[in-house]
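Asker: Chain residues, written in single-letter form:
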Amino acid sequence: MGRFIKSNGMHRTLEGWPLVFTVLTTLSILVGGLVEFLPLVLVNNSVDRIETVEPWTPLELEGRDIYIAEGCNTCHSQQVRPFRHEIERYGQNGGGYSKAGETVYERPFLWGSKRTGPDLAREGLLRPQALWHVRHMEDPRSTSKGSIMPPYPHLLEKKIDFDGLTAKLRTLKRLGTPYAEETIENAATIARTQAKAIATEVEEQGGPTDLEDKKIMALVAYLQSLGTDVAAASDAGPSDAGPSDAGSAESDVTADASK
Amino acid sequence: MAQASTASAPTDMRSAGRERSNIDIFTYDEKIVRYFVYATVLWGFIGMAVGALIALQLPWPAANLGEYLSFGRLRPVHTNAVIFAFAGNSIFAAIYYSTQRLCKARMFSDWMSKFHFWGWQAIIVSAAITLPLGYTTSKEYAELEWPIDIAIAVVWIVFAINFFGTLYKRREKHLYVALWFYIATIVTVAVLHVGNSLALPASMLKSYPIYAGVQDALVQWWYGHNAVAFFLTTPFLGLMYYFMPKAAERPVFSYRLSIVHFWSLVFIYIWAGPHHLQYTSLPEWAGTLGMLFSVMLWMPSWGGMINGLFTLRGAWHKLRDSVVLKMFVIGITFYGMSTFEGPLLSIKSVNALSHYTDWTIGHVHSGALGWNGFMTFGMIYWLLPRLWRTELWSQKLANAHFWTGTIGILLYVLAMYNSGITQGLMWRAFDEAGNLMYPEFIETVVQVIPMYWVRLIGGLLYLGGVVMMMANMYMTIRSAPDELPDPAFAAPRQPMNYGHGDGSGDGTSEQAPEPAPARARTASESDPVPTEADDTPATKKASLPGSRKAEGPGTKKAEGPGPKKAEGPGTKKAQLPGSKKAKGPDASDDADDDDNEDDAS
Numbered sequence: 001m002g003r004f005i006k007s008n009g010m011h012r013t014l015e016g017w018p019l020v021f022t023v024l025t026t027l028s029i030l031v032g033g034l035v036e037f038l039p040l041v042l043v044n045n046s047v048d049r050i051e052t053v054e055p056w057t058p059l060e061l062e063g064r065d066i067y068i069a070e071g072c073n074t075c076h077s078q079q080v081r082p083f084r085h086e087i088e089r090y091g092q093n094g095g096g097y098s099k100a101g102e103t104v105y106e107r108p109f110l111w112g113s114k115r116t117g118p119d120l121a122r123e124g125l126l127r128p129q130a131l132w133h134v135r136h137m138e139d140p141r142s143t144s145k146g147s148i149m150p151p152y153p154h155l156l157e158k159k160i161d162f163d164g165l166t167a168k169l170r171t172l173k174r175l176g177t178p179y180a181e182e183t184i185e186n187a188a189t190i191a192r193t194q195a196k197a198i199a200t201e202v203e204e205q206g207g208p209t210d211l212e213d214k215k216i217m218a219l220v221a222y223l224q225s226l227g228t229d230v231a232a233a234s235d236a237g238p239s240d241a242g243p244s245d246a247g248s249a250e251s252d253v254t255a256d257a258s259k
Numbered sequence: 260m261a262q263a264s265t266a267s268a269p270t271d272m273r274s275a276g277r278e279r280s281n282i283d284i285f286t287y288d289e290k291i292v293r294y295f296v297y298a299t300v301l302w303g304f305i306g307m308a309v310g311a312l313i314a315l316q317l318p319w320p321a322a323n324l325g326e327y328l329s330f331g332r333l334r335p336v337h338t339n340a341v342i343f344a345f346a347g348n349s350i351f352a353a354i355y356y357s358t359q360r361l362c363k364a365r366m367f368s369d370w371m372s373k374f375h376f377w378g379w380q381a382i383i384v385s386a387a388i389t390l391p392l393g394y395t396t397s398k399e400y401a402e403l404e405w406p407i408d409i410a411i412a413v414v415w416i417v418f419a420i421n422f423f424g425t426l427y428k429r430r431e432k433h434l435y436v437a438l439w440f441y442i443a444t445i446v447t448v449a450v451l452h453v454g455n456s457l458a459l460p461a462s463m464l465k466s467y468p469i470y471a472g473v474q475d476a477l478v479q480w481w482y483g484h485n486a487v488a489f490f491l492t493t494p495f496l497g498l499m500y501y502f503m504p505k506a507a508e509r510p511v512f513s514y515r516l517s518i519v520h521f522w523s524l525v526f527i528y529i530w531a532g533p534h535h536l537q538y539t540s541l542p543e544w545a546g547t548l549g550m551l552f553s554v555m556l557w558m559p560s561w562g563g564m565i566n567g568l569f570t571l572r573g574a575w576h577k578l579r580d581s582v583v584l585k586m587f588v589i590g591i592t593f594y595g596m597s598t599f600e601g602p603l604l605s606i607k608s609v610n611a612l613s614h615y616t617d618w619t620i621g622h623v624h625s626g627a628l629g630w631n632g633f634m635t636f637g638m639i640y641w642l643l644p645r646l647w648r649t650e651l652w653s654q655k656l657a658n659a660h661f662w663t664g665t666i667g668i669l670l671y672v673l674a675m676y677n678s679g680i681t682q683g684l685m686w687r688a689f690d691e692a693g694n695l696m697y698p699e700f701i702e703t704v705v706q707v708i709p710m711y712w713v714r715l716i717g718g719l720l721y722l723g724g725v726v727m728m729m730a731n732m733y734m735t736i737r738s739a740p741d742e743l744p745d746p747a748f749a750a751p752r753q754p755m756n757y758g759h760g761d762g763s764g765d766g767t768s769e770q771a772p773e774p775a776p777a778r779a780r781t782a783s784e785s786d787p788v789p790t791e792a793d794d795t796p797a798t799k800k801a802s803l804p805g806s807r808k809a810e811g812p813g814t815k816k817a818e819g820p821g822p823k824k825a826e827g828p829g830t831k832k833a834q835l836p837g838s839k840k841a842k843g844p845d846a847s848d849d850a851d852d853d854d855n856e857d858d859a860s
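Top to bottom, those sequences are chains D and Y. Residue 213 in the working numbering sits at position 213 of the first sequence; the count goes up by one each step and never skips. With positions in the second sequence counted from 1, the corresponding number in the working numbering is that position plus 259.
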């Protein structure tokens, strides 16, 4: 060591060789990343699968992209840690803490790094009611007194880009998400149908009308889906329907509980 | 010599040395450094102003100004602006200024320098447009969509070629420690950026990453953590290693420490990423590994702090009169504090409390405002009189900036510690019956709102300091001479022998294998004269700067009118051949240097 670092030692020589110096630096920064990353790539596909976890429906995917575009992840995490207090707060109704297997289709992951607002990983189980989300986005303080969340009224006005969905699904399929070819081709239609169902639900609950092609429908679909796949796994029976269809069906019970 | 002073001198003005054929006369590109300084200050103001706005939006949601200017859209604008625009331009200014001097060579290509500058600014502008419009990947500090990512890669590669090209044509054999850190920065940022940005486009401004879920999380925080390491730490350490000894007129504290802490820092930092994912779905071993290496990282980090602060040994009194040193000392101190806090927060039991809370925000800002901000300000105050060849307009105002900024940081950081720990404790509190004490999340939000106001005040004070600096800078530049020609310097013509030196002796002696008269003289003189604490703040690279003006009679005036001011007052210039070792500060540097060599052997 001494020979290496003394004033005329080997390191001094190294300082005269920028190329060698750069190569050594590069090697030393590569080691750590590779050691941590390779096991995950090699192992990830075989473990932690959760059978009930399905890819998002086209509308939910669109909602997820809206969630990303609005930067919801800057204030809301989606990762329930395995602590009693977090499971009590977020893991009710069968959600539990977050598991690796539920994230396999997350591109990108949205675990977040900050909880200015509450965690949303189990939002579909805690607040499945569509109208609540519509009102909450339009004016957060109308549903949550004291909330500091920004309002998102434009989501109730701007339209969903249904036609872009096919390209999105196709890209995801190329990356490995198992979308059926017919889902990809009919993505717009499938999404419209689901949006229509949610719009009807909102109307039935006494909310505003004419929302069926608005962005808020996609976002609500996404939020309603959060955590439902996992709950389905713990419910024993495999889920038959798409997660969000299930979401609207069982809404009432839990909606009030969480409020 | 007249020609040597033309600003447009492309590269080496070998022809200027005609009279003395064995001398190279060359210039440093200072214009590009001035550009980067302008950009640093401008983007710094904008980035921090956006920061103040989003700090206001938290306690007062009415400040969310519609779809495009709401918190979620502006938060990445703030982080990208202060990291890549403010800190980015700052390190480029530092690198372009110091690399030329440490290599005794002009930048490899002026064209590339300009391309780098304008390309980088264009990227920033495109970020400032696309992010409010909602085009984002959501990955922290890597939010920009794929076309901009490609542009970043291109500009970075040009920067790398320009930098390594300068190393290649350097006239100083040994790389000074600042350059090691620059090398690590350039290589690692390239690897990180490419590794984390791999994605498949779905449309012009939307893409999906090739990694999913747990893998994506790991890669993102490998990137995110090391963006902090190699964009906000290593280049600033390089900056510190160059400018701190310059400002203190003292060589760096320990050469050996710089070697040990450099290599351990670049090796260990990379491993620490997973500590951002403690207790998540990431496999536990990865988090544990991240924690382990984070704790180990404490020592190399403090190696840098010690080397920086102890450079002032025996010169602490200079703090009183030098706002530059004050800035540096506070900056390095915050570096030490946040690199102690980082390992602390990575420990699982602490992380269980701190993660997702404002504590993280406090931690980040003690590093960003304290370390990155103050090192940048210190550098700018040091560069202003030199780059614009005039006096700083107001020392008083600079001092006011220092104090306002320091108080601002303290308010900010303390507010965030307070609110962070409050949130962490409230989230986990149970009552006697075993139920959550605060089952409604909103209760924990309302509780910390007063702290958000305090944070805003701290941030505004800090921003106020920046405004003072802008005013000071404006007035200083107003009094600058109309013409600012690039300073010219002289060095032995023979390009140095890049061969594999045996490492014995100090660069200089090896540097002159075939003694042409003037060169021989240079060698023998610059040798014992580490005079220019100037260019080699280094412990012992005696040779660097020394040779610059230590030339034969003909050369010394190679410096046109301007350049002479470009140097620190005491440092440089032995105008007349004989006089050169005579001066004060140099002499003392000399002594220090000897000490150092003793230590080292």
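These are calculated hints, taken from the structure and not from any lab test. From the three backbone atoms N, C-alpha and C, an ideal C-beta is built for every residue, glycine too. Among these hints, one or two may not hold up.
[To be verified] Here are the computed distance ranges between Cβ atoms for each label pair:
no.: 1; chain 1: Y; residue 1: I565; chain 2: D; residue 2: R3; range: 19 to 27 Å
no.: 2; chain 1: D; residue 1: K158; chain 2: Y; residue 2: N694; range: 35 to 43 Å
no.: 3; chain 1: Y; residue 1: Y297; chain 2: D; residue 2: L19; range: 43 to 51 Å
no.: 4; chain 1: D; residue 1: G164; chain 2: Y; residue 2: P698; range: 38 to 46 Å
no.: 5; chain 1: Y; residue 1: A410; chain 2: D; residue 2: G176; range: 36 to 44 Å
Asker: Determine for every hint whether it applies to the structure shown.
Answerer: Right, here's what the structure says about each hint:
A hinted range of 19 to 27 Å for the beta carbons of I565(Y) and R3(D) is consistent with their spacing of about 23 Å. Here the CB-CB span from K158(D) to N694(Y) is close to 41 Å, well matched to the stated 35 to 43 Å. Between Y297(Y) and L19(D) the CB atoms are about 34 Å apart, so this pair departs from the stated range of 43 to 51 Å. Under the hint 38 to 46 Å, the C-beta atoms of G164(D) and P698(Y), about 40 Å apart, fit the expected range.
Checking the proposed 36 to 44 Å range against A410(Y) and G176(D) shows it is violated: the Cβ atoms sit about 28 Å from each other.
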